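Engineer: Sequence:
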Amino acid sequence: MSSIPLAAVPGTLLSAADPVPPTTTAPEWVLILAALVGIATIVVLITWVKLHPFLSLLIGALVTGLVAGMSATQTVTSFSNGFGSTAGGVGVLIALGAIYGKLLADSGGADRIVDTLVSRASAAALPWVMGLVGALIGLPMFFEVGLVLLVPVIILVARRSGVSLMKIAIPTLAGLSAMHGLVPPHPGPLAAISLIGANLGLTLAFGVLVAIPTVIIAGPLFGRLAARWVDVPVPALFETAEDTAQAGETATVQARKRPGFGTTLFSILLPVVLMLLSAIVDIVAPNDTSAFKGIVDFLGKPVIALLIAVLVGMVVLGRGGGMSSKEVGASVSSSLPAIAGILLIVGAGGGFKQVLVDSTIGTVIAHAISGIGGALPIVLFFAWLVAVLIRVATGSATVATITAAGILQPLVHDLGLSPAGSALLVLAIGAGSVFLSHVNDAGFWLIKEYFGLSIPQTLKSWSIMECLISVVGLAGVMIIGVFVG
2 MSSIPLAAVP GTLLSAADPV PPTTTAPEWV LILAALVGIA TIVVLITWVK
52 LHPFLSLLIG ALVTGLVAGM SATQTVTSFS NGFGSTAGGV GVLIALGAIY
102 GKLLADSGGA DRIVDTLVSR ASAAALPWVM GLVGALIGLP MFFEVGLVLL
152 VPVIILVARR SGVSLMKIAI PTLAGLSAMH GLVPPHPGPL AAISLIGANL
202 GLTLAFGVLV AIPTVIIAGP LFGRLAARWV DVPVPALFET AEDTAQAGET
252 ATVQARKRPG FGTTLFSILL PVVLMLLSAI VDIVAPNDTS AFKGIVDFLG
302 KPVIALLIAV LVGMVVLGRG GGMSSKEVGA SVSSSLPAIA GILLIVGAGG
352 GFKQVLVDST IGTVIAHAIS GIGGALPIVL FFAWLVAVLI RVATGSATVA
402 TITAAGILQP LVHDLGLSPA GSALLVLAIG AGSVFLSHVN DAGFWLIKEY
452 FGLSIPQTLK SWSIMECLIS VVGLAGVMII GVFVG
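Per our numbering, the very first residue in the sequence shown carries number 2; after that it's consecutive.
If you're looking for bench data, these hints aren't it; they were derived computationally from the structure.
Keep in mind that this is a model prediction, so the values were computed, not measured.
Incorrect hints may appear among the rest.
To be verified - If you anchor each label on the Cβ, the simulated ranges turn out as follows:
no.	residue 1	residue 2	range
1	L437	G263	36 to 44 Å
2	S291	L312	44 to 52 Å
3	G89	A292	27 to 35 Å
4	S419	L34	17 to 25 Å
5	V485	S72	24 to 32 Å
6	T117	I281	27 to 35 Å
7	G342	N200	41 to 49 Å
8	L137	S291	27 to 35 Å
Yeah, the Cβ is synthetic: ideal placement off N, Cα and C, and Gly gets one too.
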């Protein structure tokens with residue numbers, strides 16, 4: 002679930018963990034059955050048995066591996082690799098994001114941002130504003146990085162404005178996810194561009210054109226429907242003094258020193274700017290070996306950018322909000338216990354995904370339809386379908402994008418696709434890579450836990466939103482193909 006160059010992103014965020022050499026000799030139908038049985042096991046254990054998601058994911062992964070013909074040792078090793086790579090990569094980002102989010106809340110900085118948004122935008126306009134915020138933040142950021150930065154803002158805007166949580170969350174998530182799947186230089190599209198040999202500029206231009214209507218439909222418009230289907234209270238996460246104060250105390254709380262709007266906005270955008278600068282420099286001068294580029298690449302790594310944001314936040318937010326050093330330290334310390342469960346669940350989701358990858362289920366699906374050829378619309382549809390099937394099987398958008406691009410690479414030469422056609426092929430794959438996030442996707446569990454949703458509620462909101470992004474994205478690619486193909 003970064004839009005900075007592949008070299009600047011932790012490897013655990015771009016691909017599966019070191020795979021277990023696949024030794025299963027099971028026929029293809031058994032591998033597909035294994036994936037279905039594993040997913041069903043997880044859903045049953047969580048929804049009916051009421052087992053904790055971490056244990057359910059662990060058991061589901063073991064069942065999947067054994068049914069697929071992997072040995073018990075291979076299955077456990079595969080799960081452990083996936084758990085470690087996910088927790089070690091995304092987990093660090095979640096921890097840093099949680100620290101920053103708690104500082105943002107405790108210092109009053111989140112209050113300042115939220116009050117400004119709420120006071121200057123009507124309730125009807127807020128979903129559109131949040132969709133734009135999600136898209137802008139998502140342009141240079143890996144999905145999980147943008148999510149952990151914006152979760153406090155989403156929750157506080159919903160709490161303070163009285164607008165349904167889904168009407169605020171869905172547009173923001175749509176902006177983040179659409180950029181992640183469709184717009185380079187995110188790692189998935191960027192890797193596909195390299196494999197397909199597409200033009201970066203054309204892909205970027207077409208990607209933005211496709212992303213705009215996609216975010217509108219899957220964001221503010223679908224958010225209205227999701228709010229009816231999933232009517233949940235705003236989680237108690239990131240509660241500030243202003244939120245918990247009694248009516249008679251509110252004026253006193255509001256009168257406390259808070260960081261300025263500009264200062265708070267600077268601290269939020271700092272990691273965005275660092276990552277974006279790194280991406281731009283890498284595109285403009287990919288072979289530059291100067292010290293300047295090395296420094297920019299280092300500062301643009303997601304972990305480093307977020308670490309800098311945390312350190313700067315401790316000063317400009319903590320001190321700017323009138324907090325003492327002791328209070329800043331207490332805020333940092335109190336931010337970490339709350340995410341322990343999230344880290345375990347997200348890591349287990351990564352472990353389950355890795356078992357699916359190592360059992361070669363994704364490869365089986367890709368090769369089953371890799372011989373498809375024909376006119377550009379047919380090629381685009383089947384490129385999308387390949388990515389969809391791999392995404393649904395493995396739970397990884399990036400794995401789906403890279404695998405599908407590798408499988409479909411020969412089509413570019415065999416069919417003589419134009420530069421525009423190659424760019425659209427990349428976008429069709431990217432659109433397919435975000436289809437139907439469900440229990441084998443770490444992002445699914447992030448959304449579920451952050452917003453306090455049940456599995457059915459997450460499926461009816463987040464999962465359907467992802468399907469909309471995928472389908473509307475494909476439609477946009479097809480429409481552009483009519484004019485430029």
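Engineer: Next, verify each hint and record whether it holds.
Structural biologist: Hint-by-hint comparison with the structure:
1. A C-beta distance of roughly 41 Å is found between L437 and G263, which places it inside the suggested range of 36 to 44 Å.
2. At about 26 Å, the beta-carbon gap between S291 and L312 misses the expected band of 44 to 52 Å.
3. Between G89 and A292 the CB atoms are about 29 Å apart, so this pair conforms to the stated range of 27 to 35 Å.
4. Checked against the hint of 17 to 25 Å, the C-beta distance between S419 and L34 comes to roughly 41 Å, which is inconsistent with it.
5. Roughly 50 Å separates the CB atoms of V485 and S72, a value that falls outside the hinted 24 to 32 Å.
6. Range check, T117 to I281: Cβ separation about 28 Å, and the 27 to 35 Å hint holds.
7. Range check, G342 to N200: about 44 Å between beta-carbon atoms, so the 41 to 49 Å window is met.
8. Between L137 and S291 the beta carbons are some 29 Å apart, a value that agrees with the proposed interval 27 to 35 Å.
Checked against the numbered hints above, the structure breaks hints 2, 4, 5 and satisfies the rest.
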